[in-house]
Amino acid sequence: MSETNTGAPAPRPIHPSRRAALAGGAAIAGLAALPRTTRAATVTLPFDNGERPLVPAGTFPQKGEMILQRTRPPLLETPFAVFGDHLYTPNDLAFVRWHLGDVPTSVDPATYRLRIGGAVKRPYELTLEELVRGFPHRRLAAVNQCAGNSRGLIEPRVPGAQWGNGAMFNAIWTGVPLRALLARAGLSPKATHVAFRSLESGGIFPPDAQFEKALPLRRANDGVTMVAFRMNGAYLPLLNGYPLRLVVPGWFSTYWMKMLTEIEVLEHPSTDFWMAKAYRIPDRQDGGMRPGETGVKMVPIGPMRPRSFFTGIANGARVPTTAALTLRGFGFGGDAALRAIDISTDAGASWRPATLGPDHGPYGFREWHAVTRFPKAGDYRLMVRARNAAGRMQPMRAVWNPGGYLYNPVEHVDVVAG
Amino acid sequence: MIRPLPLLLGAAIGLVACAAAARAAAPADTAAGFATRTVDLPSPGAMFSGSGAETLNRDCTMCHSAGFIDRQPPLPAATWRAEVTKMKAIFGAPYAEADIPAIVDALVARQQAAK
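Chains as they are written, first to last, in our numbering: chain G, 1 to 418; chain L, 419 to 533.
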């Protein structure tokens with residue numbers, strides 16, 4: 001059994017020494033110090049009606065302290081400071097997002113099957129053991145980010161999960177390339193899409209609901225998309241999709257089907273609600289539209305865009321005029337590798353390149369740092385901007401669309417020198 | 419490990435009995451090291467109290483917990499109407515078409531009361 005290592009190292013913290021104050025996600029800093037045993041901890045995300053319970057570790061199975069967005073079905077956000085502490089998000093702090101009311105609470109590996117069928121020559125099914133032992137493995141770092149990450153920051157506001165910036169996490173995934181599974185089945189020449197279903201189907205809340213997502217065949221069969229059985233070297237937490245999760249590096253997590261049980265090759269696009277009606281964006285280069293605009297052609301969301309963040313520095317921080325300060329953070333390129341991070345200390349009037357940290361492959365977080373001086377006392381607006389290998393750069397302003405998707409404008413932090 | 423929530427937190431997020439814990443699995447029937455995994459999820463008290471509670475508890479807590487709706491941004495009545503209509507048309511919420519205006523009123527009034 002071969003294991004292709006694409007350069008992802010073992011998980012390690014970014015700033016092990018410091019429980020970083022948060023930036024780019026605002027007001028959580030400071031709350032970490034509250035005595036959680038005696039009072040209800042909350043965090044206030046930086047938008048109207050943004051107060052959220054911070055639930056203690058163990059409130060949800062296999063999960064640490066998380067920001068509660070919804071109890072049932074669970075929506076749990078990763079507290080932003082975690083990203084300053086860990087380049088690879090610990091499994092118990094990885095955000096959680098379910099859609100339908102009756103989340104499966106039990107997985108039995110003895111009866112669990114992965115079925116591969118549809119427009120193929122030889123449909124078949126696998127036990128977990130057969131999947132793990134019968135195919136080559138691939139290992140890569142990739143960001144799993146909700147299409148609606150940061151929805152709470154979008155103006156005008158739209159209904160849906162009101163996330164801050166923590167509906168994302170970075171992990172090293174080990175799995176079997178989907179291409180190998182499709183090759184064994186033998187694709188029909190008429191195949192165009194591949195649909196995915198899971199244990200989260202056939203529920204009663206809502207009645208008869210199923211959760212189906214589908215990829216264009218080219219994306220499904222690119223050798224990078226995989227059926228993962230390990231996340232940061234361990235089996236997945238149940239709420240993150242144990243025992244198998246589709247991993248679609250560079251694309252939003254709506255496609256990363258949890259508890260994957262069924263792969264069906266189609267000869268047409270999926271007509272399921274979650275493809276045909278939900279998770280759609282304007283068919284335009286920037287994915288945006290004007291609020292209230294009509295007649296806009298909508299298409300399924302797909303690739304992620306570049307994003308970058310500060311860590312370890314919060315709005316209102318005091319910075320010295322007498323010594324250099326090293327700004328830090330991380331970024332990712334979306335569906336193409338991160339190419340450059342630029343920073344500005346004058347609200348975007350001028351930019352200079354930051355130094356990128358080690359390259360762990362095109363799909364994961366990458367650290368950056370920049371040594372900065374603040375020669376004169378006063379207020380400074382710091383900005384960080386990512387550009388990817390396809391030439392796409394973070395915009396200064398967020399796009400708007402009715403689903404609240406694709407938020408990725410340049411982040412800023414306001415500091416006071418002196 | 420079952421850890422009860424502090425009372426205040428329980429109230430804040432509407433959990434009745436917070437019995438969420440991964441039960442240790444018997445490793446006997448493992449496939450490639452996979453273990454049977456069974457978890458309990460926190461069961462939401464999920465109930466609204468205060469403004470509009472009677473209507474919203476009846477019509478909006480079947481498929482998702484109440485806190486999710488209370489965490490929505492201030493929304494205009496037209497947006498609430500679209501949401502309540504969507505819940506019925508797409509997800510099969512069991513209230514009648516004729517009930518929708520009253521539900522929308524309850525949602526708008528609740529957001530105003532929370533201000």
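Hints listed in this document are in silico derivations from the structure and should not be mistaken for laboratory results. Check before you lean on any hint, since a few could be wrong.
[Said to hold, decoys possible] Using 25 Å as the maximum straight-line C-alpha spacing, the simulated DMTMM-like pairs for lysine to aspartate or glutamate come out as follows:
#, chain 1, residue 1, chain 2, residue 2
1, L, 506, G, 212
2, L, 533, G, 129
3, L, 506, G, 262
4, L, 506, G, 267
5, L, 504, G, 208
6, L, 504, G, 283
7, L, 504, G, 267
8, L, 504, G, 125
9, G, 277, L, 458
10, L, 533, G, 65
11, L, 533, G, 48
12, G, 277, L, 472
13, L, 504, G, 212
14, L, 506, G, 359
15, G, 277, G, 267
16, L, 506, G, 346
17, L, 504, G, 155
18, L, 506, L, 523
19, G, 297, L, 523
20, L, 533, L, 515
21, G, 277, L, 501
22, G, 277, G, 262
23, G, 190, G, 102
Now the hints, each set against the structure:
1. Distance hint between residue 506 (chain L) and residue 212 (chain G) is fulfilled; the C-alpha atoms sit about 20 Å from each other, no more than 25 Å.
2. Taken as a hint, the residue 533 (chain L) and residue 129 (chain G) pair is broken in the structure, with Cα atoms around 55 Å apart against an allowance of 25 Å.
3. Proposed proximity of residue 506 (chain L) and residue 262 (chain G) is contradicted: the alpha carbons are some 28 Å apart, above 25 Å.
4. Distance restraint check for residue 506 (chain L) and residue 267 (chain G): the Cα-Cα separation of roughly 31 Å exceeds the 25 Å cut-off, and the hinted pair is therefore not satisfied.
5. Only pairs whose Cα atoms come within 25 Å are accepted, and residue 504 (chain L) paired with residue 208 (chain G) is accepted, the gap being roughly 16 Å.
6. Of the supplied pair hints, the one linking residue 504 (chain L) and residue 283 (chain G) holds, its CA atoms being roughly 23 Å apart against a limit of 25 Å.
7. A threshold of 25 Å between alpha carbons decides the hint, and for residue 504 (chain L) with residue 267 (chain G) the separation of about 29 Å lies outside it, so the pair is violated.
8. Distance restraint check for residue 504 (chain L) and residue 125 (chain G): the Cα-Cα separation of roughly 36 Å exceeds the 25 Å cut-off, and the hinted pair is therefore not satisfied.
9. For the hint linking residue 277 (chain G) to residue 458 (chain L), the alpha-carbon distance of about 32 Å lies beyond 25 Å, and the restraint is violated.
10. Distance check on the hinted pair: residue 533 (chain L) and residue 65 (chain G) sit about 28 Å apart at the alpha-carbon level, beyond 25 Å; violated.
11. Only pairs whose Cα atoms come within 25 Å are accepted, and residue 533 (chain L) paired with residue 48 (chain G) is accepted, the gap being roughly 10 Å.
12. Among the hinted pairs, residue 277 (chain G) with residue 472 (chain L) is inconsistent with the structure: their alpha-carbon atoms are about 31 Å apart, more than 25 Å.
13. The hinted pair formed by residue 504 (chain L) and residue 212 (chain G) meets the criterion: a straight-line CA distance of about 19 Å does not exceed 25 Å.
14. Of the supplied pair hints, the one linking residue 506 (chain L) and residue 359 (chain G) is violated, its CA atoms being roughly 48 Å apart against a limit of 25 Å.
15. For the hint linking residue 277 (chain G) to residue 267 (chain G), the alpha-carbon distance of about 19 Å falls within 25 Å, and the restraint holds.
16. Distance hint between residue 506 (chain L) and residue 346 (chain G) is unfulfilled; the C-alpha atoms sit about 50 Å from each other, more than 25 Å.
17. This hinted pair checks out: residue 504 (chain L) and residue 155 (chain G) have alpha carbons roughly 22 Å apart, not beyond 25 Å.
18. About 16 Å separates the Cα atoms of residue 506 (chain L) and residue 523 (chain L), which keeps this hinted pair within 25 Å; it holds.
19. A C-alpha spacing of about 32 Å is found between residue 297 (chain G) and residue 523 (chain L), which places the hinted pair above 25 Å, so the restraint is violated.
20. Using a Cα cut-off of 25 Å, the hinted pair residue 533 (chain L) and residue 515 (chain L) is violated, with the two alpha carbons roughly 29 Å apart.
21. Note on residue 277 (chain G) and residue 501 (chain L): the hinted pairing holds, with a Cα-Cα distance of about 14 Å set against a maximum of 25 Å.
22. Proposed proximity of residue 277 (chain G) and residue 262 (chain G) is supported: the alpha carbons are some 21 Å apart, at most 25 Å.
23. As the CA atoms of residue 190 (chain G) and residue 102 (chain G) are separated by approximately 35 Å, the hinted pair breaks the 25 Å bound.
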